[in-house]
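Asker: Chains as they are written, first to last, in my numbering: chain C, 1 to 324; chain S, 325 to 501.
Just so you know, the hints here were simulated from the structure itself, not pulled from any lab data.
Given the structure is predicted, the values throughout are model-derived calculations rather than measurements.
Backbone N, C-alpha and C define an ideal beta-carbon position, used for all residues, glycine too.
Please note that a few of the clues may not be correct.
Stated by the list, open to error - Restraint-style ranges between C-beta atoms, simulated for each label pair:
hint : chain 1 : residue 1 : chain 2 : residue 2 : range
1    : S       : E391      : C       : G90       : 48 to 58 angstroms
2    : S       : D340      : C       : E324      : 23 to 33 angstroms
3    : S       : S475      : C       : S147      : 23 to 33 angstroms
4    : S       : A351      : C       : G90       : 52 to 62 angstroms
5    : C       : T149      : S       : G473      : 21 to 31 angstroms
6    : S       : D340      : C       : H13       : 26 to 36 angstroms
7    : C       : S204      : S       : S482      : 51 to 61 angstroms
8    : S       : E391      : C       : T107      : 25 to 35 angstroms
Claimed, not checked - Over 10 angstroms on every C-beta distance to chain S, these chain C residues come out as not near it, computed from the model:
hint : residue
9    : R141
10   : T146
11   : A223
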Amino acid sequence: MDDLDRLLAETMHRAVDSAPSEAGLLHTVHDRAHRYRRRRIVTRLSAVALVVAVGVPAAAVIATRPDPAVVPPSSPATATADRRVTLVDGWTAPTFPYTLPAKDGMTAPIASVDGGKPIAFFEATELRHHADVTVTVSGSRPTFTTSATEQPMRVRGKTGTFRTVDVSPAKQLTLYWRESSTRWIQLATDDTYTPEQVVSLADSLSPASIRVLPPFDLDRSPAGLVADSVTASRMTFRTPSSAPGRAGFRTVLREQRQLTGVNRKVNGDDAVLTRRADRVTLAVDVTYWEATLEVTVDDGLTISDSDLLRYAEGVTILNRSNPE
Amino acid sequence: MTTNESTDVRSGHAEDFDDFVHGRGRALLRFAYVLSGDAYLAEDIVQEVLARMHRHWDRITAMHHAEAYVRTAIVRQFLSWRRRRASREAILADVPEPAGLDEPQHRVLARAHMWQLLAGLPRAQRAVLVLRFYCDLPDDEIATLLGCGESTVRSQASRALARMRTVLSEKGVDGNG
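This is chain S alone, in the form it adopts within the complex (with noise of 0.2 angstroms):
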């Protein structure tokens, strides 16, 4: 291969980077935050994975499902971020009392609760529901994605939904409305 050559697919391999960071990083920079719950962590998740993954674009690519690989390695930076920090772990979150609004302020405080709690779950809990709820992806996919079995994915969804239903009871908030 000539130098001038080298050169034609350096360039190629950067268009194309650059074509997919353009073209997908608002999304993925709304998953990383609805994962991550903190937008200069999302930032820094996206960053640093598209930053590794830069190089060995052509790679990648040729693997067809390019944008299933960023996914899946935000996910596993999230884990790992999360891991690496597990003493600021956040408890489950202290929930307000809601103040009797009527339906559509009910509704927003509804999902303002939710939030809250879903920044109080532990990180798996979270990628799980994350993944199930807003990728909507089914559990076996789930399952291969996070690197675990089926029953785990089951097990904890159910774990995090059991523990938001009673803590939104509780509180007098449900999703009706």
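If we strip away everything but chain C, and leave its shape as in the complex, we get (with noise of 0.2 angstroms):
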């Protein structure tokens, strides 16, 4: 070790004098992970597995055509042909067509939709006979971006994929089968289960209807979308014939942000309405929730200001909802 390397090792160890106090850590951290607990029941995407593998089932799909388990909203089809979208009175929330049987230790299933994949969580509350279940149904075959190992299984009188993620602490277990010809469905979990206890939960899917849990609540909804993604922070639509995950009309929390050249008012809030040739924005500071609320319009859908204003009027913010 030379005199660099020293002074190195030095400046290292005596700055620590100033690193941060460790007073309060522990409170924070259980806040943070209360708060992420939340978010997870609420909506329990892939994106969730993050930098930090903790044993969290990722089963990142692509969807690429309309899954028909997604019940659409109930407004009538009255999008015109010059893809201008106009509001009907109140939402109905799709569904997701499936439930595992109840037990000790898990939660009943939280439902959500992501590019027009319906997806149901089931969170375990006792952790070391049970894992956290993700059921994820879709209209073609789920792809992967992990790498894994696959074997063959037997599911539902069916033959199955199983697949097995190596990663510490726990592995990622997912199961997929064709349940018909228009669907797909996936099981997500951890090696808390063996293979055959992940097959025995796929078997034990029964027809149900849970309602997805929305963010928001809508006065209005654009007639004649279907509703694309339903998180924590977003309520999507898109036009039938667009591809999942394609919505040109989107409406998400995000965490607060100074807006700039305000020019409208929504129940009292400042809003922008930001208009381009292919695009409408309306950006409304929510301050009783510290958040912006956004409504985006575009991907040739149109919509008058007067109805983009009468829209984000009808938006109530639920406790359920977490900004991004």
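Given two chains presented individually in distinct reference frames, assemble the corresponding complex, making use of the accompanying hints.
Answerer: Take a look at the structure:
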């Protein structure tokens, strides 16, 4: 070790005197963990795997066609030929079509929709014998971005594929199969369960109608559009003919940001309406939520300023929401 | 398992986690601070990593290397955080001229210069130096932790040290004293 090495080591060891105090660390960590739990419950999507792999099943899938399992909003299909969006009163939540048998150590399912795919999340409350289970329904064969070992497995009288992603501290297990000519199902969990138990879980899926819990109440909704994503922070809609994931009408709750060029008011809050050739955005500073509500219409859809404002005025942010 | 047993298990899990944070929280914050050079970021990284591990603590402790696992996650979180904010990455810090100070002050100034230079290093180079000089890890363990080859670790360290040596030499600062 030369002088530079010694100076470097000394610098680092002396610098810790300026490190932050651990006072309050545990409390803050618990707060943050509870926040993540709430987020996880509202919507359990693949993104939660993030940087720290702590045994969370992550199953990124790409759907290529509309999923018939999603029950669209009940609004009449009145999108006009020029793709101008009009509004209808109310909104009907999509539903998830299956459930697992109720058991101790597992919560009732929480349903969401992501990119046109309905998802149900069953949270484990007892982690020694149970693990979180995420069931996703799609209209096409799931695709994955992570490498895994795969083996065929018999499930629900069909041949499925059992994937194992070897990560610490828990291996991610995913079983997927073609349930019908128009429907694929995948069940993701971790190696708390054996492969046989995963198959048993899949076999125990039964028809149900689990209502998706939206982050907002909508007094009005875009007519003729179907729900594409309903998560803790967003509700997006697309035309029935658009591919899942291509939502031209999006309502997103974001962490609060400074608005510049305020030119509108929405329910008394400052708002900025920005119109470009192919996109219109209305950003509302929702002061009591310390968040920014952003409504965007693009991808070939258009809407009048007055309808956009009327839509935003009818959005009620619910406690279960979580800004992104 | 009965409900009471479930509650006991959860309670034990919570106590284990809380004990770990109480016992090792300060060390983790210090490590994150040396790694990031920023007190607020260090807090954020440690809180983030611990919060994400909280629920899976039984699994992590079952691996018998809980702290090593947490430190690895802290490094990866740091690298990821920096990556998302690459546009803010600092250029090599501008080091002020030394002023012919006597020995102890010179040493203090040298450390201040060194800290500035560390702040200006690319994230990966800084992580390698911290793991080598603060954690005293050998290169093979650093390579495993960072998910790269030993040769990469050596070249990153060599490049960083050469850069620092050059700047310190140009400024007339050295580690003697």
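Asker: Are the hints correct? Go through all of them and say.
Answerer: Hint by hint, here is what the structure shows:
1. Taking the beta carbon of each, S:E391 and C:G90 are about 54 angstroms apart, inside 48 to 58 angstroms as hinted.
2. Checked against the given bound of 23 to 33 angstroms, the beta carbons of S:D340 and C:E324, roughly 32 angstroms apart, stay inside it.
3. For the pair S:S475 and C:S147, the supplied restraint of 23 to 33 angstroms holds, since their beta-carbon distance comes to about 24 angstroms.
4. Range check, S:A351 to C:G90: Cβ separation about 55 angstroms, and the 52 to 62 angstroms hint holds.
5. One distance hint, 21 to 31 angstroms for the beta-carbon pair C:T149 and S:G473, holds here, with the actual separation near 25 angstroms.
6. For the pair S:D340 and C:H13, the beta carbons lie near 29 angstroms from each other, so the given range of 26 to 36 angstroms is met.
7. For C:S204 and S:S482, the hinted distance range of 51 to 61 angstroms is satisfied, since their beta carbons lie about 58 angstroms from each other.
8. Against the hinted window of 25 to 35 angstroms, the Cβ-Cβ separation of S:E391 and C:T107 comes to about 31 angstroms, which satisfies the hint.
9. Every C-beta of chain S lies more than 10 angstroms from that of C:R141, the closest at about 30 angstroms, which supports listing it as non-interface.
10. The beta carbon of C:T146 is kept farther than 10 angstroms from every beta carbon of chain S, the shortest such distance being approximately 15 angstroms.
11. With 10 angstroms as the threshold on Cβ separation, the claim that C:A223 sits away from chain S holds: the shortest Cβ distance comes to roughly 39 angstroms.
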